[in-house]
Every structure is written in structure tokens, then in C-alpha cells.
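For this one, chain A is given, so just place chain B on it according to the hints.
Protein sequence lines correspond, in order, to chains A and B.
For the first sequence, my numbering begins at 1 and goes up steadily by one.
For the second sequence, my numbering begins at 229 and goes up steadily by one.
Everything labelled a hint here was simulated from the structure, so no lab data went into it.
There's no promise every hint is true.
Using C-beta positions, here's what the derived DEER-type ranges look like [unchecked claim]: (1) A:Ala106 with B:Asn309: 56 to 62 Å; (2) A:Thr4 with B:Arg445: 28 to 34 Å; (3) B:Pro503 with A:Ser98: 30 to 36 Å; (4) A:Leu221 with B:Gln530: 34 to 40 Å; (5) B:Asn309 with A:Cys75: 41 to 47 Å; (6) A:Arg70 with B:Gln372: 46 to 52 Å; (7) B:Arg421 with A:Ala109: 34 to 40 Å; (8) B:Ala511 with A:Leu227: 46 to 52 Å; (9) A:Pro154 with B:Thr427: 21 to 27 Å; (10) B:Glu369 with A:Ala106: 29 to 35 Å; (11) A:Pro154 with B:Pro305: 40 to 46 Å; (12) B:Gly384 with A:Val191: 51 to 57 Å.
Residues on chain B that point at chain A, a partial pick, calculated with CB under 7 Å [what the hints assert, rightly or not]: (13) Arg246; (14) Leu251; (15) Glu361.
Beta carbons: idealized from backbone N, C-alpha and C, even for Gly.
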Amino acid sequence: MTTTLRVVGENALMLYLGDSADAVTLARVQAATDAIEQALGAELVDLVPSYASVLILYDPLRSDHSSIARRVRACLATLQAQPLAGGRTVVLPVYYASESGADLEALAARAQLSVEEVIALHTATEYRVYAIGFAPGFAYLGEVDARIAAPRLPSPRARVPQGSVAIADRQTAVYPSPSPGGWNLIGCCPVPMFTPEHQPAMPVAVGDLVRFEAIGRADFLALGGTLP
Amino acid sequence: MTVLQPGMLSLLQDSGRRGQHRLGLTTGGPLDSEAFHYCNRLLQNPAGSTAIEVSVGGLQILASTETSICVTGADMPLTINGENRPLWEVHPVSGGDIVRLGFARAGCRAYLGVAQGFDIAPCFGSTATVVRERIGGLRGEGLQAGDVLPCARVTGRKRLFLAARDRPRYQHTLTVRVIPGYQQQHFSRLAQRRFFGGTFRVSERSDRMGYRLEGPRVECDIEGILSEGICHGAIQVPPDGQPIVLLNDRQTIGGYPKIGTALSLDTARLSQLAPGSSVHFAAVTPRTAQRALALAQRFSLQRTLQERRP
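This is chain A alone, in the form it adopts within the complex (with noise of 0.2 Å):
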């Protein structure tokens, strides 16, 4: 896959190391976002690493495009691919459900499974954590069963309650707090996913492994779950 490095606004360049989600691409935007860090220092605004590409923020008003290009591609020649960071593994109890998940019933019928099928294949994989963002707390997570990923909605509902366990395409997450959002939701954690508080204040880190376990309505009320 060829690098590429291209303007999207005023104070950003988007850099893509990759089309897919997967450890060798992560492992690229980990290094990439290090070094890109250090090569910046004080003109870097903020980063942004996905999946497969680094938002690079900088401050338009001590430098420009182009001489930030010239620094990423610098120090990118120079990139060495370090083995991905993290790794623990973390399980997440949900309940899965119509009362706690609005789409589970039509992402089933979509997928021509049952919800119990769509239960058992979202619990059979491991995911990897490929990116934290949207939202505090918001873990992207890879990838689920083909059968059973499924499009974002036409238009993105205006709020989505807290720990919805969702899926878009082939990614899975869980809602850390409510918002707006277009992913079908199946079920709901409830476990806090960001606590400003707690050090760290998530869960999770990037490149960790989910494993999401079903319980039932009783163990999620009891575990401090809430329902819509």
C-alpha cells in the first residue's frame, strides 16, 4: 500500500498508510503517530491516528502545508514499523436485546439470521481495539463477522443512549456516553467505558483485545446497566 499525505483544510493534512483495517496497518499508524510527534513539536495542534490514516493538526498561523508536508515525509523515509503495543485482553458483558439495542431485530432480518445467531457470532470474535475517537471513550473495534456487519443508517439518529453496543460495516463499539450516531445498535454494556476521573480513564487502549460476553436483563440492571 503506497503513503499518501493530502491537504483537507485550512490547518490539517490526512496522512493514509493503509485501505484496511489490520495489525500490520495499525502497528504503521502507531510509529507514524510517534514520530510525527516528535518531528513537530510545538507547530503540532493535536493528532488524530485511525485505522489506517493520522490526522495531522498544526497551527496555520506559524506554518503551512507544505512545510509540514516536507517534515511528515522526512520523517516518514525514516520510519521503522515497531511491533503493535498493547495487547491485553478485556471482556465487556452486554445485554443483548430489543429494549437495548433498537436495531437488533432488523439487523438480524437484514443478515437472514436469528438474534441468537447474531448474539453468538458477535460474542465468538476477538476484536482489536484499531482507534479511540468520535467520542471520549469511544473505542473502534475490528472486525466483526461478514455476516454480520451492516451500513450505517441513512441519517445518523440524534441520540444514542449510553454503553449501546453497535456495529457499521465490519466495526463494532460501545456508545461511552449518549450522543448522536449512525451505527445499528444490538445490545447495551454496562460497563463505563470513560471515567474523567480514574486514571486511566478508559477500559481500554489501542491495540488491546475485546471479547463481549451476553448476560441477561437481571445481571445487566445489577451490574448498574440502565435502560432507555
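Chain B in isolation, oriented as in the chain A frame:
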């Protein structure tokens, strides 16, 4: 100061949260960075001091110490103890004074600042309130009646003002300059012509996260992408073809295709548009954007302030 009435939506904001995108935290900060900048400049505060962003209007506060205040931005009638006072001007207040902001007659966001800024503990390095994240401000939410906003006793601040001819005029139509980028190549020539030639209406569902626009359907040949970082001003086009200009409280990562990114100078004006206003888009090169920013920094943000002598 004590909040008597919070109005529609009043949020403590500094210049925004930086360097926290890797936890998924967005930037927050003032939607209209120009009006916010002048609020602090007029008060002779350090740039980015914490002020209140008042959306639509209705804020009432009680001063409990001697200080100076200033309101910039949307044309919300300002009174101190019932007397009309001009915006874009520093006014002294004393303990017991009641400051009221009416509802906006033009624009929708005003900034109420105080000498030395409100003294709020930062969260992840910033006081910016992002309600969606429940982060910043006093409790990660909008101001409520009874909230106490700590500020210092400050006497003898100059009564600076910005001349009326130098103040922005908030209209009902706006042309937003856009750097084409992101998934621009996935929008056909026809879709791009619709986007850059069409008239869009600001939807009721616009907020600090993004301004949703309604207009000609802009079709994209892909429905989604591998989720990637989203910069301020990025214009996302979901499969319904209705663009969303993503603003300060945007998600940091997303998977809808994007046609380009609006200039920050124009998103500041966009955020002053009420639902129903019209928006057009114009493509510009990154170089033109760079020049526009530099010019704004040198001229429109550095206009000479005047002083009112008693």
C-alpha cells in the same frame, strides 16, 4: 457572579481543548472565535480567557463584586440594572448590579466576558464546556440558575469599545469558503456542481456539534469509509445527501464521506446563522485559505480599539 437565569444555552468557554483527541475528546471552545477574541481583547484579558457563550439569549447574572464586563457577538439587547448598554464595549459593574441579555435580533451567539476572565478549574487542560462529553465548565453542562462564577475584583479597567463601523454585521445569507479535500474524488462532477452551485438552508437540527444544511441532494459514490480523523469545519455528507458542517463539538473520528473543509473564518459566521438562513459554498485553494487567515490575523482581528472617557 451568580447566574439568575441561564437563558437558552449558556456555556463557559475558553479557546478550546488541545492535544486530547487521542482520548476522543473534542475541542469545544467558542463557535464564533472572532467575537470571543474581541470580548477578551476589549477587556484587556489574556487571549483565550474564560467567558460565557450565550446562544440565542436570556442570560441574567448578578454581580457580587466590582469588576468590568463586556458583551460581543450577536445583537442581544444588554441592560445593566435595566439601563440599555451597548455591546462591543467595556462596562464597569459593582456588587448587586443585575446584567441581562435579551434575545438576539441578529446573529445567535454572544460572549459575555469579565475582567481577568472567569476563574474556572480546567478539565483536560481547558475550561471549554462540551455538553455531549460532560466535560469542562462547572459540571460539564450549561449554566444553571444559582451557579456561582468566580471572578476577581478588578477596578479601573479602561472603557474600551470597538467602533460601530468595525463590528461584524450578522446577516441571513452567507458564502462559506471550502477547501475541497478528504473524499472529494468520490463526489461526481454533477454532485460537486450541486454542492458549490446550490442554495442550502440552515436546519433546525444545527448545534455546536455541526450545522446541518438542507438543499439539493449531494450524492457520493460511497456510503462510508474506514473511520478517520475529522478536522474543524469538515463537511460530512451522509447517504441522505444533506451536508453537515462539523464545528467545535464535532466527533473526532467518523466514517461518513466528506467533500471538503470550511474555513474557520466562515464557520465563525456560520455559527451566527439562525435556522432558515441561506448558505452557499465556494471552493478555494489551500493557498487562498492561508492568505485569508493571515490577512484576518493582521487586520480584522487587530482593529484599533477606542476608549470612552467619562
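Hint by hint, here is what the structure shows:
1. A:Ala106 with B:Asn309: 56 to 62 Å: holds, 58 Å
2. A:Thr4 with B:Arg445: 28 to 34 Å: With a Cβ separation near 29 Å, threonine 4 of chain A and arginine 445 of chain B satisfy 28 to 34 Å, so the hint holds.
3. B:Pro503 with A:Ser98: 30 to 36 Å: Check passed, 34 Å falls within 30 to 36 Å.
4. A:Leu221 with B:Gln530: 34 to 40 Å: violated, 59 Å
5. B:Asn309 with A:Cys75: 41 to 47 Å: violated, 59 Å
6. A:Arg70 with B:Gln372: 46 to 52 Å: holds, 50 Å
7. B:Arg421 with A:Ala109: 34 to 40 Å: holds, 38 Å
8. B:Ala511 with A:Leu227: 46 to 52 Å: For leucine 227 of chain A against alanine 511 of chain B, whose Cβ atoms are near 47 Å apart, the range 46 to 52 Å holds.
9. A:Pro154 with B:Thr427: 21 to 27 Å: Holds: the Cβ-Cβ distance is about 23 Å, inside 21 to 27 Å.
10. B:Glu369 with A:Ala106: 29 to 35 Å: Because 33 Å falls inside the window, the suggested range holds.
11. A:Pro154 with B:Pro305: 40 to 46 Å: holds, 42 Å
12. B:Gly384 with A:Val191: 51 to 57 Å: holds, 54 Å
13. Arg246: Hint on arginine 246 of chain B: holds, closest Cβ of chain A at ~6 Å, below 7 Å.
14. Leu251: Status holds, d = 6 Å.
15. Glu361: holds, 5 Å
Hint compliance for this structure: hints 4, 5 are broken, all remaining hints hold.
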